[in-house]
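*Asks:* One letter stands for each residue in the lines below.
2 protein chains.
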Amino acid sequence: MAKEAVAKTAEQLGKEQRAISVAEFFEKNRHLLGFDNPTKALLTVVKEAVDNSLDACEEAHILPDIKVIIKTVEENVFRVTVEDNGPGIVKQQIPHIFARLLYGSKFGRGKQGRGQQGIGISAAVLYAQLTTGKGTLILSKPAKDKPTHKMELKLDTTKNEPKVLHEEDLKDGPLKHTGTSITLEIQGKYIQSKHSVDEYMRQTAIMNPHANIHYENPPGEKFNWKRSIEKMPKLPTEIKPHPHGVEMGILERMAHATASRTIASFLQNDFCRVGSTSAEEICRLAGLDSGASARTLTGDQIKKLYESIQKVKLMRPPTDCLAPIGTKMFEEGLRTEFKPEFVRAITRDPVVYRGNPFQIEAAIAYGGSLALTQSGEVASEDAVQQPVKLIRYANKMPLLYEQSSCALTKAVQGIKWKRYGLEQSGGGLPSGPASIIVHICSTWVPYTSEGKEAIASYPEIIEEVKLAIQECARDLMRYVSHKARGELAEKKREIFRKYSMELAVSIHAITGEDKEKLQAKLLKIAEKMYKQQGGDEIEEEKPAPAHNEEE
Amino acid sequence: MAKEAVAKTAEQLGKEQRAISVAEFFEKNRHLLGFDNPTKALLTVVKEAVDNSLDACEEAHILPDIKVIIKTVEENVFRVTVEDNGPGIVKQQIPHIFARLLYGSKFGRGKQGRGQQGIGISAAVLYAQLTTGKGTLILSKPAKDKPTHKMELKLDTTKNEPKVLHEEDLKDGPLKHTGTSITLEIQGKYIQSKHSVDEYMRQTAIMNPHANIHYENPPGEKFNWKRSIEKMPKLPTEIKPHPHGVEMGILERMAHATASRTIASFLQNDFCRVGSTSAEEICRLAGLDSGASARTLTGDQIKKLYESIQKVKLMRPPTDCLAPIGTKMFEEGLRTEFKPEFVRAITRDPVVYRGNPFQIEAAIAYGGSLALTQSGEVASEDAVQQPVKLIRYANKMPLLYEQSSCALTKAVQGIKWKRYGLEQSGGGLPSGPASIIVHICSTWVPYTSEGKEAIASYPEIIEEVKLAIQECARDLMRYVSHKARGELAEKKREIFRKYSMELAVSIHAITGEDKEKLQAKLLKIAEKMYKQQGGDEIEEEKPAPAHNEEE
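Listed in order, the protein sequences are those of chains A and B.
Going by our numbering, the letters in the first sequence line up with residues 25 to 575, in that order.
Going by our numbering, the letters in the second sequence line up with residues 25 to 575, in that order.
Calculated from the structure, these hints are not laboratory results.
Any given hint might turn out to be false.
Where chains are identical, the list cannot tell them apart; a pair therefore holds if satisfied intra-copy or between any two copies.
Here are the computed lysine to any residue pairs in the SDA-like style, where the Cα-Cα straight-line distance is at most 25 Å [claimed, not checked]:
no.	residue 1	residue 2
1	K264	T343
2	K363	A316
3	K442	A283
4	K64	N53
5	K64	V376
6	K328	L161
7	K246	G269
8	K218	P483
9	K115	K337
10	K39	K187
11	K187	R103
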């Protein structure tokens with residue numbers, strides 16, 4: 025059946041060359057976008073829609089109300105609806121946002137956001153048509169006094185362009201005020217595991233305590249996470265690129281496309297942290313006239329400009345553009361979710377990798393529901409020696425897959441956990457009834473793939489994560505050893521109680537003194553001793569009764 | 025410096041939306057293409073150029089002569105030249121092939137090849153201009169009697185289109201007959217390690233024994249791998265998609281774009297393994313008229329067609345389209361490279377994952393240079409207990425990065441190596457003075473990223489790799505235990521030799537018989553015994569002398 029292998033000339037080979045649409049590329053490579061298997065595909069579809077909804081609410085400064093409903097259509101086919109109360113989308117943008125890959129407002133704009141590539145939601149639409157042949161239904165109401173736009177869309181993969189299957193304007197749509205709703209029909213698989221949509225929704229709720237989230241899973245269970253804070257969290261802002269993080273080729277492109285007239289004004293207007301003094305200094309070092317046109321710089325001049333930029337000292341990029349969740353809200357979210365006996369969160373100061381500001385937050389929650397089995401019983405010693413539960417976030421968005429190749433995981437594994445009182449074998453995650461939570465926020469999160477599942481291993485990021493977790497771990501160690509000392513003292517007291525009766529019997533046999541009086545006396549001596557020691561000052565394994573005998 | 029966060033309406037958000045060129049996307053995400061760091065970037069540039077050269081020679085049935093020269097321009101800046109004797113490229117295609125992402129002849133064509141995406145070499149050109157601002161120089165001679173085309177190119181990232189900086193035709197270029205040469209200037213880092221260009225070239229030579237490869241590294245060392253076989257290897261051929269591997273959305277697209285008039289002819293002409301009987305059967309099950317037009321099928325009809333395709337039994341895709349290297353050539357390549365004391369290669373029969381045919385080859389080389397230290401000495405026991413060297417190939421192309429996330433690695437780790445006499449700790453690679461080599465060839469290799477560094481973990485692939493390696497491992501075990509028995513026998517003989525002298529002295533003390541005669545007799549008895557046992561039939565630890573004493 026296979027075609028015969030025939031030697032080809034340049035002429036013949038030339039005729040076979042063609043342009044490949046980016047949609048065709050990702051259709052064939054859909055595992056790159058998080059659609060490797062049916063379980064992951066269901067999660068990815070929900071994730072892309074929820075991320076878009078939360079981002080949209082944030083842009084419009086609206087406290088989010090998000091509804092996620094997944095219904096089983098037939099075996100392994102699901103209808104997913106995600107609805108928000110965001111600002112809505114104007115009619116002419118709907119087809120492009122939902123049915124065109126590499127289209128959006130978030131790409132490389134220097135602003136922290138869940139979305140950053142302009143691929144995710146259109147990839148979900150593509151996946152829906154690929155697996156069920158169905159178009160995606162969008163409802164969007166961009167203003168209170170305007171109708172709701174209804175559109176059914178597919179993506180023309182050979183052109184990477186939207187195909188509108190149906191459109192109409194509804195006077196009385198289901199959406200109140202403003203908002204957007206998307207409904208996709210996809211092949212998928214629903215499971216209840218650490219990679220499930222249920223888990224994703226739960227982790228999203230922890231990180232977004234300002235959101236009301238309603239979720240119905242395929243078996244029909246309903247979950248409601250009520251907002252625990254009635255105020256918008258700190259919002260991220262936009263920054264311009266920092267000159268030290270820009271490569272030569274990008275500098276050239278920016279110079280040739282600038283709206284500024286001169287090189288000096290280009291440097292000041294198109295970058296952050298460049299004032300007039302720095303701009304003049306850069307031009308002087310490059311041997312360029314600061315008043316010359318930036319748009320006509322030659323390749324050699326760009327190279328000189330690039331090199332002199334590296335030589336001039338500039339302030340690091342501003343970092344107030346980032347919006348971490350904050351220690352208090354972070355701990356609050358974890359308390360609500362895990363009811364732990366101990367929780368500690370840390371927000372590190374923002375720092376920079378390759379010109380991009382980023383900030384790490386980490387937390388450890390210990391005990392409480394984490395020490396229980398799934399059926400709610402106290403776990404056995406063995407179960408407690410399971411690895412801790414690691415929860416990873418990037419720009420407030422849970423990362424559920426690719427844990428082992430993620431920089432956040434590597435940072436946790438790189439800590440010497442025995443120093444902090446947790447077991448650790450073979451450089452893996454530590455063990456214990458605990459959860460470690462890490463959050464990276466950045467204007468540009470370096471994901472290892474388009475599927476946004478893991479963070480690339482920049483040393484600056486790993487270092488910051490380590491520092492944050494170590495700080496939490498020190499407090500955890502204090503808590504655990506305090507608790508352990510308390511438990512030890514209690515155990516000793518218990519042993520002494522039993523022992524004192526035997527002792528009393530022996531003394532009674534020798535002296536004839538009353539057994540119960542004797543025991544009461546012995547216990548009194550012991551209590552006094554424990555009080556002196558404050559109950560947790562016992563340093564050695566020397567048992568208390570022996571000590572008592574010497575008196 | 026950061027812009028104030030201002031609430032935005034749908035109207036305002038709409039104005040911020042824009043299309044992102046695929047070149048801009050990969051410029052910002054260049055780690056996805058294998059340009060994460062300077063060391064990897066240098067390797068990736070060489071790899072993309074060499075892969076293209078080998079593929080071009082294969083297409084034209086030319087025994088490849090490849091030259092790779094890397095010169096240091098300044099610290100961490102290199103000039104890379106790769107030249108081949110392939111068919112050359114016609115003038116009008118040069119800019120598109122080298123300076124336009126997602127352009128090529130190899131995408132999804134159902135043919136095994138090193139390149140398959142139409143991204144690699146243009147990404148290298150993009151990386152060059154990004155880091156040094158320099159254009160890339162191409163020389164290409166598409167026919168013996170025609171001039172050599174010379175072109176200097178950049179890639180316009182905002183449009184994903186080539187920019188020709190300079191072009192001319194040379195009457196007397198450096199290229200003889202036909203061929204192509206590419207020269208790029210890039211930022212990079214040259215190291216000598218298991219991730220180095222040197223190692224990549226070496227591994228490429230092992231897998232391509234029909235190629236002459238000349239390589240000069242930055243320190244100026246010259247390597248020449250002469251072809252050891254003067255015949256073109258089996259060449260891959262092209263196949264049509266198999267109906268069972270095609271998704272609903274793709275079926276729809278194919279139907280609407282088909283050149284065939286009817287549904288029946290569409291099924292027979294555009295797919296493999298569908299004859300007229302199967303085509304009729306599919307139409308009947310779908311309730312469709314087999315003579316109706318395929319181009320006008322509705323969404324519902326496509327769905328029915330898709331479902332009935334799944335129900336009809338079809339032959340598996342043809343697998344003669346694949347071109348493995350073959351057991352003999354594989355072992356030959358390894359013997360030349362490692363001079364091992366033992367080598368065994370296996371080529372499995374082709375099988376199928378998701379409609380794509382693939383084939384696994386594996387080999388184990390043991391001892392020889394693998395048991396030596398880098399300085400050429402016999403390694404100590406400790407050194408021998410290092411993990412084996414794992415070499416991975418996909419479509420004859422070495423994979424140097426992302427070893428731990430690769431399906432080929434997981435398969436090796438998943439084998440219980442103790443059964444085969446190799447140490448293995450904690451589910452990692454086995455230890456020993458050996459190398460394990462795995463090769464997957466397929467019409468569509470499922471890489472985990474655009475950088476083509478690791479294979480996605482399809483269970484079918486992992487299973488085939490395991491079976492192939494286990495077969496090699498069984499032979500290795502036989503060899504090693506045979507060798508160990510031989511060594512044990514020799515050791516025992518040695519012990520007996522020493523012991524026999526002492527025994528002779530003792531007997532002499534009792535009987536006064538001549539010591540040397542006594543020892544000679546004892547040794548003779550022992551030799552006879554060993555001969556009977558064939559030197560390697562010793563089953564127990566019972567020492568030979570004791571046995572002798574009983575006589």
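*Asks:* All hints are to be evaluated individually against the structure, with a verdict given for each.
*Replies:* Here is how each hint holds up against the structure:
Taking CA atoms no more than 25 Å apart as the test, K264 paired with T343 passes inside one copy only; the shortest distance there is 12 Å, against 54 Å between copies. For the homomeric pair K363 and A316, neither the shortest alpha-carbon distance inside one copy (64 Å) nor that between copies (64 Å) is at most 25 Å. Taking identical chains as interchangeable, the C-alpha atoms of K442 and A283 are never at most 25 Å apart, the minima being 57 Å within one chain and 68 Å between chains. Taking identical chains as interchangeable, the C-alpha atoms of K64 and N53 lie at most 25 Å apart whether they share a chain (15 Å) or sit on different chains (23 Å).
With identical chains, the CA atoms of K64 and V376 are at most 25 Å apart between copies only, with a shortest distance of 23 Å across copies and 32 Å within one. In this assembly of identical chains, K328 and L161 lie within 25 Å of each other by CA distance solely across copies; the values are 22 Å between and 53 Å within a copy. Taking CA atoms no more than 25 Å apart as the test, K246 paired with G269 passes in neither setting, with 46 Å inside one copy and 37 Å between copies. For the homomeric pair K218 and P483, the shortest alpha-carbon distance between copies (21 Å) is at most 25 Å, but the shortest distance inside one copy (28 Å) is not.
Proximity of K115 and K337 under a CA criterion of 25 Å is satisfied in neither setting, with 47 Å inside one chain copy and 47 Å between copies. In this assembly of identical chains, the alpha carbons of K39 and K187 lie at most 25 Å apart only when taken from different copies (21 Å versus 29 Å within one copy). In this assembly of identical chains, the alpha carbons of K187 and R103 lie at most 25 Å apart only when taken from the same copy (21 Å versus 46 Å across copies).
Of the hints listed earlier, those the structure fails to meet are numbers 2, 3, 7 and 9, in rising order.
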